[in-house]
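K.L.:
The residues making up each chain are set out below.
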Amino acid sequence: MADWKSEVEEVVFPGKICVPYSWTVGSTLSKWYVQLRDDGEIWANRCPSCGKVYVPPKIKCLDCYKDMNDWVKLPGTGTVETFTVVHYHEPGLHPKKPPFVYGVVKMDGADTGLVHLIDVDPDKVKVGMRVKAKIAKERTGHITDIKHFKPLS
Amino acid sequence: MGKRVGIVGVGQTHHAAHRLDASGVELIAEAVTRALDDADMSLEQVDAIVIGNMDHFENINYVDMWATDGLGSCMKPVFKVTTGGTTGTTVGAAAYYHAASGLFDVVMAVGWEKNSESDTQAAIATCANPVLERDPFAGAIGPLATEYSMYMKAYGATEEDAAIVAARDRNNALNNIYAHNRMKVTVEDVLNSPMLSYPVKFLDMCPRSDGACAVIFAVEEKAKKMCDRPAWVHASVVRHDYTHFGDLEWQWMPTLERATLQAYKYAGISNPLRELDVAELYLPCSTCGVKWMDSFWFCDRGESPKKIIRKRVTEMDGELPINPSGGVIATNPIGATALIRVGEAAWQIMGRAEGRQVPKVKKALATGFGGCSWSDVFILGADLP
Amino acid sequence: MERVAVIGVGQTKYGTDKPETFHELVWEVANKALDDAGITVNEIDNVVSVSSDFWDGRTISSMAISDTSGAFGKDISTVEGDGTFGALYGMMRILSGSFGTTMVVAHHKGTESSMSGITNTAFDPLVERRLGLDAVTSAALQARRYMTVSGASEQQFARVSVKNHGNALRNPFAALPLEITVEDVMASPMVASPLKKLDCSPVTDGAAAVILAAEREAKKLTTNRKRVWLKGVGHCTDAFRLGDRDLADTRALKKAAKKAYDMAGVTTEDVDVVEVYDAFSYMEPLWLEGLGFCDDGMGPEITERGYFDFGGKLPVNPSGGRLSANPVQVAGLAGMIECVLQLRGEAGRRQVKGAEVALAHGINGMCGQSHCVWIMGK
Ligand SMILES: [Zn+2]
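Residue numbers (this note's numbering), protein chains in the order written: chain A, 1 to 153; chain B, 154 to 538; chain C, 539 to 916.
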């Protein structure tokens, strides 16, 4: 297989799949995003059967597969459960220039964590650090309406 | 050797062009919940789940992982298969093999699609070989139009023959509360609808739909306990032979001929037109409902217009009712479409097809079709295989 | 239950710049597997291909290889995910009684697409995707969580990379054999803390094929020396959102592994060699805990003591693992092939002496959301 290249030029086609997409947000997350966009509040929902509180809200409890109709407002604070300082750059993908920080924030009042950006000096970020969600001024009804989490000082 | 397997529950969403009320995961949950209700069982009784769709229709990578909340699959075995248009039957077949292998007792197959979320034809075009064929390939309608115009020339089939099939399926859909397009249509309406690609007109062609379907398979011991009339799987066969478009036989469907022949052999069927009681066929275009009758062995090659279509053999009161549900030209959430065929055929056997029920169904045929040249066949029966 | 055997295997040399197309790669490994089994394509009665429409940039990506996999005129289906799941489907189809001999073939060309862009599409477009997460950054979150829970150090993770790249020196199929030290790993560029370049697997091209046969066929088709039995298998999925999981908790893997061990009727004590999914260095000790080879949190320390070295008590990833070649859909199947070669005594300079029982492991999704565990034996 390898020696054909000595006789023929290697040809490679570049390509890109260009298909437009839209994604229906659905009943549960629509409610969540409208609350976030209009009121700047982060809500969670609770399983009527086991009481587990999820953020982002769930359509069904992971453990019980029950509908989730019970909503609770969260204070927007939490604890950094894990983080990474990103040092490489993917243009068009990464929301910031490196170095920047992603973390999983265990949310106060909920049983789950929220993955998001943490706006903190990369040398100072720590597991267990207390943080609070910074709500964006201009909101469009997306996860970026939470601009990032910031250390509680 | 393997275990005998029956279908014990089927659920599907109300299909529509735009289900803006539900996300993809919510559609999946809707179908799963309905299938569990139909089988009168809880999710704990499901031992494994199989899911599939077409990746580039919603741009979700690892759909089997992403769908966890809707599937109820957290801490369960989940499996993803996908083969384009036949994904629905591929998912069904994988669920069947899960159970028939003896590794799992109760297995749920889930197919879904939100075709409203992307440009379906642009996504389909990416199935063509990127080096040789992708640039000139424009999607699904052209090849279907081409094969029928060849068939018309070879055997004297007409545009009206196709319109008869379109009217049959569309009018059948009036009896199906889940169908996407439900409209009373005459043969003339079809013939007068806008031309898409000669000889295929607007009302000949399938729509793009949002929807999901779930089908629950169980091994014999469990199926007998869970359901008083399971739809037993008598055959599950796939054939596929595409490498390049130019290599394909266009005048008939070799993969469909081979797949059905093998399936009939497994099911002990020698005269399918007579021995089958109902068929839910993946006919993406009414023209296929004329041309492919040959490849289903319902008649000799070229005889479909005269012996099947014009004699109305496949209407609801005919010898072999085809697509009581309205079929694919009424409802087409692509990754679910072929699984809906299996689910509808199962309901016909289980006696749960409501307004579209064909009386006394003992043997049912369900198929999946996919470009390019995928043919999947299921034969279900009221009696144990 | 009837037994199923692996009767033939084939793999390409894995590389980071392979010029062959998908169908050429598959042609190579399908033929190698047939030759290895000593059968012709006519004796294959069905094919399971493993590919990804995302990585291949093609809808119904398996159509690129349906001819060279020998599927013409046969029953074929396509699994999208790791090759271990493809093998599982191959086995199910045989156990169902519908088929006797299955070709399972997987292909992948990581160099032809964008790892970051493609794995970003594994995140929910409604929530996390816009944040720009990908396989590397999410793995980094898992690595940090694992360090927090277990007390592991970055040096201990680096030790895994040193071991596996070193093992690859003995494997002619590996893409990235390296003689390196813990200091080299620690000094390699930081990608996403705590993961450095040498903690991450290389973008890789390659293909692999295995031929599975029912006991009735396996007897007929091949000699005792070549036959390796698939003794147990299990798979299981955890929650989707990273925040829904404790990323250091391997409960889904534990459940999958228990099923595989129970089915095979073996315990961890019986296993002689392991091929575990080490796409990132930290994954190896984490999954080894989930597989039950050490207590939770002890993986890094036991690794450091040399227990999982090639000459250690339980050699792990003698092939060099995914750290030395990670053709995504192929990766777990390559691990199964390594186990087959080890059990046959054909692993050359990396042969684990007297290997009787082997374990192979593959994952799907981000941070090992889903696992497939295989127990194989002579
Ligand atoms: Zn609950």
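Just so you know, these hints were derived from the structure itself, not from any lab.
Take these hints with a grain of salt, some might be off.
Claimed, not checked - With a Cα cut of at most 30 Å, we get these calculated DSSO-like pairs of lysine-lysine:
1. Lys570/C to Lys796/C
2. Lys792/C to Lys5/A
3. Lys418/B to Lys757/C
4. Lys764/C to Lys66/A
5. Lys96/A to Lys570/C
6. Lys377/B to Lys797/C
7. Lys735/C to Lys570/C
8. Lys916/C to Lys16/A
9. Lys764/C to Lys150/A
10. Lys66/A to Lys418/B
11. Lys851/C to Lys106/A
12. Lys916/C to Lys764/C
13. Lys5/A to Lys797/C
14. Lys124/A to Lys16/A
15. Lys52/A to Lys916/C
16. Lys735/C to Lys106/A
17. Lys124/A to Lys106/A
18. Lys418/B to Lys515/B
19. Lys16/A to Lys551/C
20. Lys124/A to Lys764/C
21. Lys378/B to Lys757/C
22. Lys52/A to Lys796/C
K.L.:
For each hint, tell me whether it holds in the structure or not.
P.N.:
Here is what the structure says about each hint:
Straight-line distance between C-alpha atoms of Lys570/C and Lys796/C comes to about 33 Å, which puts the hinted pair past the 30 Å bound. Of the pairs offered as hints, the one joining Lys792/C and Lys5/A is violated, with about 48 Å between alpha carbons and a cut-off of 30 Å exceeded. For the hint pairing Lys418/B with Lys757/C, the CA-to-CA distance comes to about 27 Å; that is within 30 Å, so the pair holds. In summary, the hint linking Lys764/C to Lys66/A is not supported, as the alpha carbons are separated by about 50 Å, beyond the 30 Å threshold.
With a C-alpha separation of about 47 Å, the suggested pair Lys96/A and Lys570/C falls outside the 30 Å cut-off, and the hint is violated. Of the supplied pair hints, the one linking Lys377/B and Lys797/C holds, its CA atoms being roughly 26 Å apart against a limit of 30 Å. For the hint pairing Lys735/C with Lys570/C, the CA-to-CA distance comes to about 33 Å; that exceeds 30 Å, so the pair is violated. With a C-alpha separation of about 46 Å, the suggested pairing of Lys916/C with Lys16/A is violated against the 30 Å cut-off.
With a CA separation close to 60 Å, the supplied pair Lys764/C and Lys150/A exceeds the 30 Å bound. Our distance criterion of 30 Å between C-alpha atoms is broken by Lys66/A and Lys418/B, whose separation comes to about 44 Å. Annotation: proposed proximity of Lys851/C to Lys106/A is violated, straight-line Cα distance about 39 Å (limit 30 Å). For the suggested pair Lys916/C and Lys764/C, the alpha carbons sit about 9 Å apart, so the restraint of at most 30 Å is met.
Annotation: proposed proximity of Lys5/A to Lys797/C is violated, straight-line Cα distance about 49 Å (limit 30 Å). Among the hinted pairs, Lys124/A with Lys16/A is inconsistent with the structure: their alpha-carbon atoms are about 40 Å apart, more than 30 Å. Annotation: proposed proximity of Lys52/A to Lys916/C is violated, straight-line Cα distance about 47 Å (limit 30 Å). Proximity of Lys735/C to Lys106/A is assessed by CA-CA distance (about 28 Å); at most 30 Å being required, the pair is judged to hold.
Under the criterion of a C-alpha separation no larger than 30 Å, the hint pairing Lys124/A with Lys106/A is consistent with the structure, at around 19 Å. For the proposed pair Lys418/B and Lys515/B, the alpha carbon gap of about 17 Å is at most 30 Å, so the pair holds. Taken as a hint, the Lys16/A and Lys551/C pair is honoured in the structure, with Cα atoms around 28 Å apart against an allowance of 30 Å. As the CA atoms of Lys124/A and Lys764/C are separated by approximately 57 Å, the hinted pair breaks the 30 Å bound.
This hinted pair does not check out: Lys378/B and Lys757/C have alpha carbons roughly 38 Å apart, beyond 30 Å. Between Lys52/A and Lys796/C the alpha-carbon distance is near 27 Å, which keeps this suggested pair within the 30 Å criterion.
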